[in-house]
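Let chain A serve as the given structure and place chain B with the ligand on it in line with the hints.
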Amino acid sequence: MCLLRFFMLSPALLLLLLLSGCQQSEQWHAKDISGLMPKLRFELSNAQGESVTEADYAAQINLLFFGFTNCPDICPTTLAQLAAAVRNLPESIRDQVHILFVSVDPQRDEGGRLAEYAGAFGEQVVGLTGTQDQLQALTRRYRVTYGYDEADANGYYNVSHSSAVFAFDADGQVRLLIRDDLTPAQIAEDMQRLQQNT
Amino acid sequence: MKKITLALLTALLIAGGVLWIWTTTAPEALVIDQARIRLVAGSGPQGGYFSLHNRTSTAVTLQSASSPAFARVMLHQTRIRDGQSEMQSLQDGVTVAPGESIEFVPGGMHLMLMQALQPLQVGDSVPVVLEFAGQDQQVQSFTHQFVVVPLTP
Ligand SMILES: [Cu+2]
Numbered sequence: 017m018c019l020l021r022f023f024m025l026s027p028a029l030l031l032l033l034l035l036s037g038c039q040q041s042e043q044w045h046a047k048d049i050s051g052l053m054p055k056l057r058f059e060l061s062n063a064q065g066e067s068v069t070e071a072d073y074a075a076q077i078n079l080l081f082f083g084f085t086n087c088p089d090i091c092p093t094t095l096a097q098l099a100a101a102v103r104n105l106p107e108s109i110r111d112q113v114h115i116l117f118v119s120v121d122p123q124r125d126e127g128g129r130l131a132e133y134a135g136a137f138g139e140q141v142v143g144l145t146g147t148q149d150q151l152q153a154l155t156r157r158y159r160v161t162y163g164y165d166e167a168d169a170n171g172y173y174n175v176s177h178s179s180a181v182f183a184f185d186a187d188g189q190v191r192l193l194i195r196d197d198l199t200p201a202q203i204a205e206d207m208q209r210l211q212q213n214t
Numbered sequence: 026m027k028k029i030t031l032a033l034l035t036a037l038l039i040a041g042g043v044l045w046i047w048t049t050t051a052p053e054a055l056v057i058d059q060a061r062i063r064l065v066a067g068s069g070p071q072g073g074y075f076s077l078h079n080r081t082s083t084a085v086t087l088q089s090a091s092s093p094a095f096a097r098v099m100l101h102q103t104r105i106r107d108g109q110s111e112m113q114s115l116q117d118g119v120t121v122a123p124g125e126s127i128e129f130v131p132g133g134m135h136l137m138l139m140q141a142l143q144p145l146q147v148g149d150s151v152p153v154v155l156e157f158a159g160q161d162q163q164v165q166s167f168t169h170q171f172v173v174v175p176l177t178p
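So the sequences go chain by chain: A and B.
Here the first sequence is numbered in my numbering, starting from 17 and rising by one per residue.
Here the second sequence is numbered in my numbering, starting from 26 and rising by one per residue.
Careful, some of the hints might be misleading.
What the simulated footprint calls covered on chain B by chain A, stretch by stretch (three residues with Cβ under 8 Å from a Cβ of chain A suffice, anywhere in the stretch; the number is not a length) [what the hints assert, rightly or not]:
1. 61-70
2. 105-111
3. 117-128
To spell it out: a stretch of chain A is covered by chain B in this simulated footprint if at least three of its residues, at any positions, have a beta carbon under 8 Å from a beta carbon of chain B; those stretches are [what the hints assert, rightly or not]:
4. 48-60
5. 79-87
6. 133-139
7. 205-212
Just so you know, the hints here were simulated from the structure itself, not pulled from any lab data.
Even for Gly, the Cβ is constructed at its ideal location relative to N, Cα and C.
Chain A with its partners taken away, still in its complex shape (with noise of 0.2 Å):
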């Protein structure tokens, strides 16, 4: 049908026929960022302690999202949403989908800690924290920021983080950004999509 009217209509028709008919199938759940950011890169340390870059986590999908352990709300609210999601892929897939959840608080959260609270989430969670430079470069890669309140009397203190979940392709490019109104169902959808088309 769309290369029938190809060779009908106007460039300027076409473009936008392009846009809203053709692409309809097209469509994802999730914001489409292709290209709006760089491929993933990252020097982190795993739960173990030990050093790991992107080439660790290659030739799958990843969704990188940033967080705390001390953050018993939302934290683990958007990791059981990214996990019930990949529970929701075929088997034959499932193994081929990481969560890299990247703690932003390494002071709190090293070592036990961090594979205790996300290893709880599935296999397929990975917890991941760096060295303040570490965390800050790739922070900046993503456009995102954290931060630190004052701690109080307890020295207890909230940190403030990007909501934002990321998703790569298994080439290591930018695909989508998952907005936390989502359901499993319809983010595993975009994993199988995306796992079939990169």
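Just chain B with the ligand now, kept in the frame of chain A:
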């Protein structure tokens, strides 16, 4: 005959009316329901949630909370602004007008339960003390049982 029926009907209506008034105004109380703690793995803080219905005739303010099962409890609110999410202390408490309800839900207001003194398990019942101030600034405490629930239903 007709008069008697009419009188009977009127009497019934009045009695019904009185009964209606009695049932709607009698339970003068603060009602808490759906009290739960969503279990998060690890030794970090837990989030407590509930609904609060103010069925009294005056405004009340939830000022603070505590629990024998946690070192400290804070009143918190998660806010997402310009794609940035942050937690804030509700330092002035939360005021509920008469007849109004508020909800502590994930992604909004929550009890920030710090340092569980014993490991929690799904199904546990944990007492939480909620302190309210009324119009006369008198503080009233209510202890309510919060059920530990899994993160995802
Ligand atoms: Cu909080």
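Against the structure, the hints come out as follows:
1. 61-70: Contact hint for the stretch 61-70 of chain B vs chain A: holds, 7 residues under 8 Å.
2. 105-111: holds (count 5)
3. 117-128: Violated: only 0 residues of the stretch 117-128 of chain B have a Cβ under 8 Å from chain A.
4. 48-60: violated (count 0)
5. 79-87: It holds: at least three residues are needed, and the stretch 79-87 of chain A offers 3 whose Cβ sits within less than 8 Å of chain B.
6. 133-139: Coverage by chain B holds for the stretch 133-139 of chain A (3 residues, Cβ < 8 Å).
7. 205-212: Check failed, 0 qualifying residues.
Comparing the model with each earlier hint shows violations of hints 3, 4 and 7; every other hint is respected.
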